[in-house]
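Colleague: All chains, please: the whole structure from these sequences, using the hints.
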Amino acid sequence: MSARSISRRTTLAAGMATASAAALTGCSRFGASGGGTDADSVQLTVMTWADAQRAADLETVFAAYHEANPGVTVKLEWMDVGSYPDKLNTRFAAGNPPDVMFIVGRWLGEYASRGALADLSTYPDQLDLSPLDDSVLASSRLDGKLYGVPTGTTSPGLVYNTQILGDAGLTLPDTDTWTWQQFHDFNVAITEATGRQTYGTGYYIPWPPTISQWAGQHGQSLYTEDGALGMSAQTLAEYFEMTVALRDAGGYAPAGSLDDQGTTVEDSALGKGFVASQTIPANVFADYNSALDGKLTLVRLPGEVPTPGYQVTPTLLWSQASASPHPEEAAALIDHLTNDPASFEVRSAGLGLPVNPQVATEVAATLPPDGQTFADFLIGLQDEDLPPYYLEPAGAGEIANNLVSIATEVEFGRMTPQQAGEKFVTDAQASLDRAAS
Amino acid sequence: MSTSTTPAAAGALAPDRPPTLRRRRSSAAAAEERAAYVFLLPWFVGLLFTVIPFGVSLYLAFTDYNLLQSPQLVGLENFTRVFEDPKAETSARVTLTYTFVAVPISLVTALAVAMLLNKGVRGLKFYRSVFYLPSLIGTSVAIVMLWRSIFGYGGVVNSFLGFFGIEGPGWVTDPDWALVTLITLSIWTFGASMVIFLAGLRQIPVVYYEAAAVDGAGWWRQFRSITVPLLSPVIFFNLVLGLIGSLQTFTQGFVFSGGTGGPAESTLFFNLYLYQQGFQRFDMGYASALAWVMFIVIAFFTALNFLVSKWWVFYDD
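Residue numbers (the UniProt record's numbering), protein chains in the order written: chain A, 1 to 437; chain B, 1 to 317.
Don't read these hints as lab results, they were simulated from the structure.
Mixed in with the good hints there might be a few duds.
[As the list claims (entries may be wrong)] Pairs of lysine-lysine residues, derived as DSSO-like cross-links and limited to a Cα-Cα distance of at most 30 Å, are as follows: (1) Lys87/A / Lys87/B; (2) Lys87/A / Lys145/A; (3) Lys87/B / Lys423/A; (4) Lys295/A / Lys272/A.
[Stated by the list, open to error] Pulled from the structure, derived: some chain B residues nowhere near chain A, Cβ distances all over 12 Å: (5) Gly55; (6) Leu68; (7) Gly75; (8) Asn118; (9) Phe126; (10) Gly165; (11) Val172; (12) Ile226; (13) Ser232; (14) Val293; (15) Ala303; (16) Lys310.
Using N, Cα and C, we set each Cβ at its ideal position, and we do this for glycine too.
Modeller: Now the structure itself:
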């Protein structure tokens, strides 16, 4: 709808001069088609979250795409991650969704089961899925239909501010094999060495990837292959016990001191040196490291020995609205963003390592140093025997939201880790049941 | 008055039917009535935009509607769910706590400040504007954001407390404090009711106070026997508006928590939960049912207010 009305408006503006001249000569019929090439072109709207730099990169990609495909104009709508879900839902509700958009794995079940997303396997002429490994697509396939193509792959990582470590005279232990106890001691040591000026860590406790990894290390998984809850109350309780012990010992920032509102990296607790470390999706390492003038080092989360819990997952998914008036053009754009190495030239591996292996090899060869660090980190992980990653069931989005509340209750001592674990399981079960009904 | 309108038209009628005064007035009244409806037209158009969504939401409350597929009738299911939903209960508790704490305190504050200003303070207009200002901007997004940062963990308030060696809590991030901070913000916006109180106070004839003073009545006695009864219609008006406004609180909770109702659901206002169900969870049928439950609750409190008002509101006419 909006795509059409906007292009009509563009036509109008562009054709204004001709139209007025034409009106004088009585040839107004030709005035409308005098609007130039945009008049006949299909306009696609792509909605993502981004910072200004990432948005500019994507706009460069889309401008180049328009050069190569003059029949298609791509308009980027970008915003901060905090306002993205509401904005997207409102667009869907108004019957005016973007043609192509970011979808997070744990939202997929909810959108797909409501018929909001297109089955991307139905456009073989536009979107070539053959180069992609089937296991990569498994996590966005539901009932035999493909609802998204990963923008790339990533995994959780932990970043430490090396300047703070250096000033404190501390050296990281072997982070490929370190235990949670070593992690605990190291963070407490940072806090003590800086005289509480900097806390050892301030990672986001209710982040599903971290919790999923913890479950894996305990021989469980957050969700099972058939979409059930795979984590026990006890396992989550132990995760919270670990965080409470770390905070009590001073290794984690005090309750209420971290604000998870969307701000820039420079303004974050890590950027201001309030904490020395936090978890990030490893693909954004380059952004973080440039914001902190190259002071960061990217390491693995602890506890991977003896049972690994690390998962290499899709960073985000490119999905297409089932209501898109230009489904074929939209699918072709997703193909460009997935299979064309040229589309990665500017944006590099910011959205994860390309899922097309050939493209990945090409892109990895030309990465800037920070991107290379990420690629090496991820390739190192991929070489290991890791637990599989499944589609997150409908209800996973709500479960993630409830987890935030539960973590806050524990943070302020209003719930014991044990109670939190039990509440999580009860709530999660209810969310899954409701989503399935 | 428009009795002198359209003399030409009146003259035209003159030959066959001499116009009586009564007739002329009624035609003028009809013209005036028509004019009134013309002026009311925008309101009627606006009314459509209220009545239609009203009706649609009532229908949707009895359906399962996810905004993408057409609504399916499900009977009373959404309504029974409201009363079994622990989050709906939490959000109702947050909203009622907020209302029953913030409304009385801000009414008392507004009345107290209005009475002080009514004492004939120099620069009354200035003070009136200063106190009124927050109520104009208090519910705006920018001000809520400003409060968020002032009361943030490392904000101005905690820096100030830190100066005295007090370690302040996370006024925004601590679930025990977030609602208190929002209530404070609400009380800060007492100015609108204050201005109305001030106008009401000026209506009370000074002779009553003079007579009471002659009879030896003290300040408290005058307040109880003259100010409160004569001001009671205004108090009642402010109370009803305050209750309705507070029960419908949305913006403050939304902006404060970034739409989540956090920390730990402590700012999950009923309206915010309704919004989450409708626009984050796509459950528009349930959201409509929540909206109707809220409408009934507000109607109940308002009706109760009017019933009780018979006993304490005194109309001096």
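Colleague: Taking the hints in turn, state whether each one holds.
Modeller: Here is how each hint holds up against the structure:
no., hint, in the structure
1, Lys87/A / Lys87/B, "holds (23 Å)"
2, Lys87/A / Lys145/A, "holds (26 Å)"
3, Lys87/B / Lys423/A, "holds (13 Å)"
4, Lys295/A / Lys272/A, "holds (12 Å)"
5, Gly55, "holds (19 Å)"
6, Leu68, "violated (5 Å)"
7, Gly75, "holds (15 Å)"
8, Asn118, "holds (42 Å)"
9, Phe126, "holds (36 Å)"
10, Gly165, "holds (15 Å)"
11, Val172, "violated (8 Å)"
12, Ile226, "holds (49 Å)"
13, Ser232, "holds (42 Å)"
14, Val293, "holds (19 Å)"
15, Ala303, "holds (33 Å)"
16, Lys310, "holds (44 Å)"
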